[in-house]
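**Student:** Taken in sequence, the protein lines are chains H and E.
So in the numbering used here, spot 165 of the first sequence is number 165, and the numbers just go up one at a time.
So in the numbering used here, spot 271 of the second sequence is number 271, and the numbers just go up one at a time.
Hints listed in this document are in silico derivations from the structure and should not be mistaken for laboratory results.
Glycine is no exception: its CB is placed at the ideal position from the N, C-alpha and C atoms.
Treat the hints with care, as some may be off.
Claimed, not checked - Some chain H residues well away from chain E (every beta-carbon gap over 12 Å; in silico):
#1 ALA144
#2 VAL152
#3 ILE565
#4 VAL569
#5 ASP603
Claimed, not checked - Covered stretches of chain H, as calculated for chain E (at least 3 residues, CB under 8 Å):
#6 51-57
#7 216-223
#8 537-548
#9 661-668
Stated by the list, open to error - List time: in silico EDC-like cross-link candidates among lysine to aspartate or glutamate, alpha-carbon distance up to 16 Å:
#10 LYS70(E) <-> ASP48(E)
#11 LYS340(H) <-> GLU224(E)
#12 LYS157(E) <-> GLU170(E)
#13 LYS340(H) <-> ASP303(E)
#14 LYS32(H) <-> GLU49(H)
#15 LYS157(E) <-> GLU232(E)
#16 LYS329(E) <-> GLU145(E)
#17 LYS329(E) <-> ASP90(E)
#18 LYS340(H) <-> GLU233(E)
#19 LYS32(H) <-> ASP53(H)
#20 LYS329(E) <-> GLU280(E)
#21 LYS70(E) <-> ASP90(E)
#22 LYS70(E) <-> GLU50(E)
#23 LYS340(H) <-> ASP266(E)
#24 LYS469(H) <-> ASP650(H)
#25 LYS340(H) <-> ASP305(E)
#26 LYS340(H) <-> GLU145(E)
#27 LYS340(H) <-> ASP221(E)
#28 LYS403(H) <-> GLU414(H)
#29 LYS113(H) <-> ASP315(H)
#30 LYS32(H) <-> GLU659(H)
#31 LYS157(E) <-> ASP48(E)
#32 LYS340(H) <-> GLU230(E)
#33 LYS403(H) <-> ASP339(H)
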Amino acid sequence: MNPADGTRVGVDVGGTFTDIVTVHDDRVNVTKTPSTPDAPETGVVNGLEKSADDAGFEFGDVAFLSHGTTVATNAVLEGTWADTTLVTTEGFRDVLEIARQNRPDIYDFDAEKPAPIVPRDRRFEVPERLDERGNVLRDLDEDAVRELAADVADSGAESVAVSLLFAFENDDHERRVAELFREEGVDASLSLSSDVLPEIREYERTLTTSLNASLKPVMDRYIGSLDERVRERGVGAELKIMQSNGGLITAEAARGRPVNTLLSGPAAGVQGATFVAQRSGVEDVITMDMGGTSCDVSLVEGGDPLISTDVTVGDYAVGVPMIDIHTVGSGGGSIAWVDKGGALRVGPRSAGADPGPISYGRGGTEPTTTDAHLLLGRLDPDRFLSGELDVAVDDVRTAFEAKLGDELGMSAAEAAQGVLDVANANMQRALRVVSVERGYDPRDFALVAFGGAGPLHACRLADDLDIPKVVVPQTAGVLSALGLLISDVLYDYSVSRVRRIEEVSPRDVRDVFADLHDSGAQRLADEEVPEDARFYERTADLRYAGQSFEISVPVPDGEIDEHAIDTVVERFHERHEQRYGHADRNEPVELVTLRLRARGGVDTPALEPPASEGSVEDAVREERAVTYGGDARETRIYDRAELPADASFDGPAVVEGAESTVVVHPGQTADVDEHGNLVVDTGGGR
Amino acid sequence: MVDSVTLEVIRNGCAAIAEEMNANLVRTGYSPNIKERRDCSCALFDADGEMVSQAENMPVHLGAMPFSVKAAVETFEGDLGPGDAVLLNDPFHGGAHLPDLTLVSPVFADPESEDPTLVAYAANRAHHADVGGSTAGSVAADSTEIYQEGLRIPPVKLFEDGEVADDVMEMILLNVRTPGERRGDLRAQEAANETARERVHELVDRYGVEELSEAFDEVQDYSERRMRAELEEFPDGTYSFEDVLDDDGRGNTDLRVCASVTVDGDSVHVDFDGTADQTEGPVNAVLAVTSSATYYAIRCVTDPDIPPNHGCYRPIDIDAPEGSIANPKPPAAVVGGNLETSQRVTDVVLGAFGTEAPERVTAAGQGTMNNITFGGTDPRDVSASAASGGSSDSSDGGSPYAFYETQGGGFGGRPNGDGLDGVHVHMSNTMNTPVEVLETAYPLRVRRYAYRPDSGGAGEHRGGLGLRRDIQVRGHVARFSLLADRQQHRPYGIAGGEPGACGAAYVYDDEAYGDDAGERLPQKSVRDLDPGTVVSVRTPGAGGFGDPADRDTEAIARDLDLGKVTEGYVREYHGLDAPDAGGR
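Chain H on its own, in the form it takes in the complex:
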């Protein structure tokens, strides 16, 4: 069945909710069910059943099923990965634990180094050595490998990582180790560094390979169980998993490469936000996903999220390409406090979801960002204060006076405004990190805000940073699940070839790309991606000789010849100039890594625009006083669901939706576009 014909389902498992978005007969349906952290597959199946009921499809109709998962992420964050054995070149088993020699915090004596993924007594050395071009300096000692294999087989290790020096230049020794292990009866899963991350820098490659090995059994169990349960219910479509790079792979591939899924959910969110922004005609965006405890921000240029190869997950910098997502501990539940020096601080401690802010009425007593919004009239007390406990606005006010106002010499309202100012200052820093610090000017971007708390802050942040436009998607609460429906299939391949550019032979580059292309083509064919939907993007990482940071530039289509290489070098100079402000065409240039991305295009489903009936006036729920920067203004409160397409109104305004509330500040104007997205013009930009 062509996926475009049947029912398409995206399932994103978050900490609290499992979100399901389906497209059935061109109609979008959104379902939220509680997550089941101990066995996430249970929540997925529950959600699918509920969704099938709501949207009216049969499991057998499902033609496309994609999934964002935190199984690998949680295993890393909680240290619950599988016992793993690591094999290294003789003399280098400690590379994994020494890391890069810097300590985690300069001044804090209590700061700990991240635990090595494989402890020292499970790291073994084999005699062998390659040089920097992959030439054999010392043959692999096969007897020693066989001896080690017998020990590993006896130890019952679940997983084995092999990472030998310069294996990215020549994988013979790693492959031979694998063969010998199999011959000697090692049946644990194997991860070779020349497969997982064939790139220069032994620590990063070894860490990534070890992580992959340690996550394989975890991912394998989860996907095995999930797959079985959806099959039982009659789903025939192949399960696809979102990777950290924003592309889908088959569940089978994910079992072999779990390290590629560490940012699965957040990457899907960025994909969803990018999709929505593009439909609203914006290609350059900063995404901001603010929930209860943290805020994730990322930058999208020309419709493509920025990709980085040194994103940190938990304590580990993982070398595989991931969407460059920056996280700060600022959320709706962030707790405000006065420190010993008399300064007002917000976070990083959070009241989380339980007990949550005071206004949740679940027993929270510490003033939070959400409570500040309530006191200033941005959140509706009548709608919001619906917890089991009887909490009144006065209780929140009393807490702000007692815990903040008295110490600061401020009223509760002033303290609440202060809490928002400080929280915004924290988030401004995060937005600057992904833009200004990467060489981008925020004035050239639109801000796409989602998550429960994002739209409360976005318009003010945009003002502060002179960002001209804020987009709040209609589906702000389930963007990750939406992202799962519109993302392409992506397989990234790479191999390091560190050479001065004048030493690079076009034939070698051609051969490397041909190998990578074969791997990618095979993959896409296996997944039955139609011929005309297969795309291959070739890039090369270059640097000035002696530098240690590379820049990725596209390699021109067609045959690789001297001219193509010259073009790549020129693109490198241009990109260097653009990003770093200078370029020197007399400096020698070095090739470092060749990359190929195989893309299987996915037809994006047609989504029906929202019904547009009634007038803007009909959408006004009430008027109430809302405070902006200390000034109370009578403000119209709109019901998002009632706003017609093409609605247009001026700030100040508050727009209340099912999942989030948008605060439009005085001087700003808001429009609802044809896709139901709220677009706020801040008057900023350049």
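Following the hints, put chain E in place on chain H, whose structure we already have.
**Tutor:** Frame of chain H, contents of chain E only:
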């Protein structure tokens, strides 16, 4: 009066400016020293030249930059205009050691006006891979006068009215081995200060000059209040501690470093009286470096969360006898003062606090940076020599290279846990050079890179392990320079902990290379190495914290399993033959 909210918002803004300068410097910097090792720091100062915020990668830069701004301001006394930037490196005029080049730029509120108003200074410091002198890399272990250590730059205007002063730039470039790289790094330093200018202008637009200046003061007062509150918690009294540097590389040994720390209410006085007279070899630490090491130690024993700025230092008063290794007079050789003596200063200041409050400090860390430099001509056809940057003026066939790195070792045993193994301690925090990058870029081969078992001092909490890194010279004669310490006197233990193991360095012929000790290399020396020679650098372990008898037997067994200690060590320090908790 600035309220608590504006204070926090502007404090955030100032911290962000320093961080953004730093990100920009690392991003646009040319050399691996800045981009990969991140041996650089940035700071924002108020119109009086007092520090408002700092983003430091290197603790040794922490308290030293204010000396640079002061020197720049005093030299030009009001003769600084918009678009000017002052460069300096001379340790006797606001610098620390010659490879650290500092650029100071005034920031005016209204640069276009007739009489512009000064509101701030931006400054950044970066370690340059070469500034001339007798040895490639400018970390000459055998220097005896500063003249041998490289080009001295007093405060000079490198930029005037937004334009680079070509004569100054050319004079600098003519005196260094890798001019292309220097030019690139200096350009990045200017770009970092330009970032600060733009961002300060945004703050001026938002708050106005008056409120911003008040906020700068308040940010400093805030840090001062918090620092004083922390100091108040220490009992009043004078605490003393002393330790030694092994030698100066010129035969002068056991150089004393003494600290008397007097806590009086909410202030502290640190006196280095008794410290050895300045010496012939390059281990003299100028007062800026001694101050930096002292500030670092005090920051660690108080609350590291206090924003670093001038306010933190107001309650701290430092005296170091003039003409000592903690405050030398010209023309002392100083390159190792910044690298090695600074570590010992930290050791004694922490040691002094530890006599009263061991729970606030750690045992001694490795106490050295184990600086090594290889230099020569790459025999390979086309080399990827980093330091030459392709524009060296050397013309003897192959490409000249200089490879400099420092090595981590043990971090001291801590009140709440074992010391970290194989990390940079105290005044340093750079990243290492990956083996694969090193071998690709230079005609060198790494033979081994591993922990040194048994090197951590025994204790209830074991000291961190030192490292062993063995590097072989390939196909050419290389000049090798070693500048290290803690090879004669072990890093001290605390609260009953044992000291850590000394470091050492050996050389081997290719055939003789192995586990046995080779020929011992003097710890501060320069020598030519034949092709195939292997240098084995063993870095010190750290001291232990608390009585080894109190160590948890499971922790002992775990260390044994992991091969971080041997059975002999366990017998000697813990009196156990075979720990029974899971030992094998």
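**Student:** All hints are to be evaluated individually against the structure, with a verdict given for each.
**Tutor:** For each hint, the structure was consulted:
no.	hint	in the structure
1	ALA144	17 Å, holds
2	VAL152	16 Å, holds
3	ILE565	15 Å, holds
4	VAL569	14 Å, holds
5	ASP603	39 Å, holds
6	51-57	violated (count 0)
7	216-223	violated (count 0)
8	537-548	holds (count 5)
9	661-668	violated (count 0)
10	LYS70(E) <-> ASP48(E)	9 Å, holds
11	LYS340(H) <-> GLU224(E)	11 Å, holds
12	LYS157(E) <-> GLU170(E)	13 Å, holds
13	LYS340(H) <-> ASP303(E)	11 Å, holds
14	LYS32(H) <-> GLU49(H)	11 Å, holds
15	LYS157(E) <-> GLU232(E)	43 Å, violated
16	LYS329(E) <-> GLU145(E)	11 Å, holds
17	LYS329(E) <-> ASP90(E)	12 Å, holds
18	LYS340(H) <-> GLU233(E)	13 Å, holds
19	LYS32(H) <-> ASP53(H)	13 Å, holds
20	LYS329(E) <-> GLU280(E)	12 Å, holds
21	LYS70(E) <-> ASP90(E)	13 Å, holds
22	LYS70(E) <-> GLU50(E)	9 Å, holds
23	LYS340(H) <-> ASP266(E)	15 Å, holds
24	LYS469(H) <-> ASP650(H)	14 Å, holds
25	LYS340(H) <-> ASP305(E)	11 Å, holds
26	LYS340(H) <-> GLU145(E)	48 Å, violated
27	LYS340(H) <-> ASP221(E)	13 Å, holds
28	LYS403(H) <-> GLU414(H)	13 Å, holds
29	LYS113(H) <-> ASP315(H)	8 Å, holds
30	LYS32(H) <-> GLU659(H)	11 Å, holds
31	LYS157(E) <-> ASP48(E)	19 Å, violated
32	LYS340(H) <-> GLU230(E)	10 Å, holds
33	LYS403(H) <-> ASP339(H)	11 Å, holds
Consistency note: the structure conflicts with the earlier hints numbered 6, 7, 9, 15, 26, 31.
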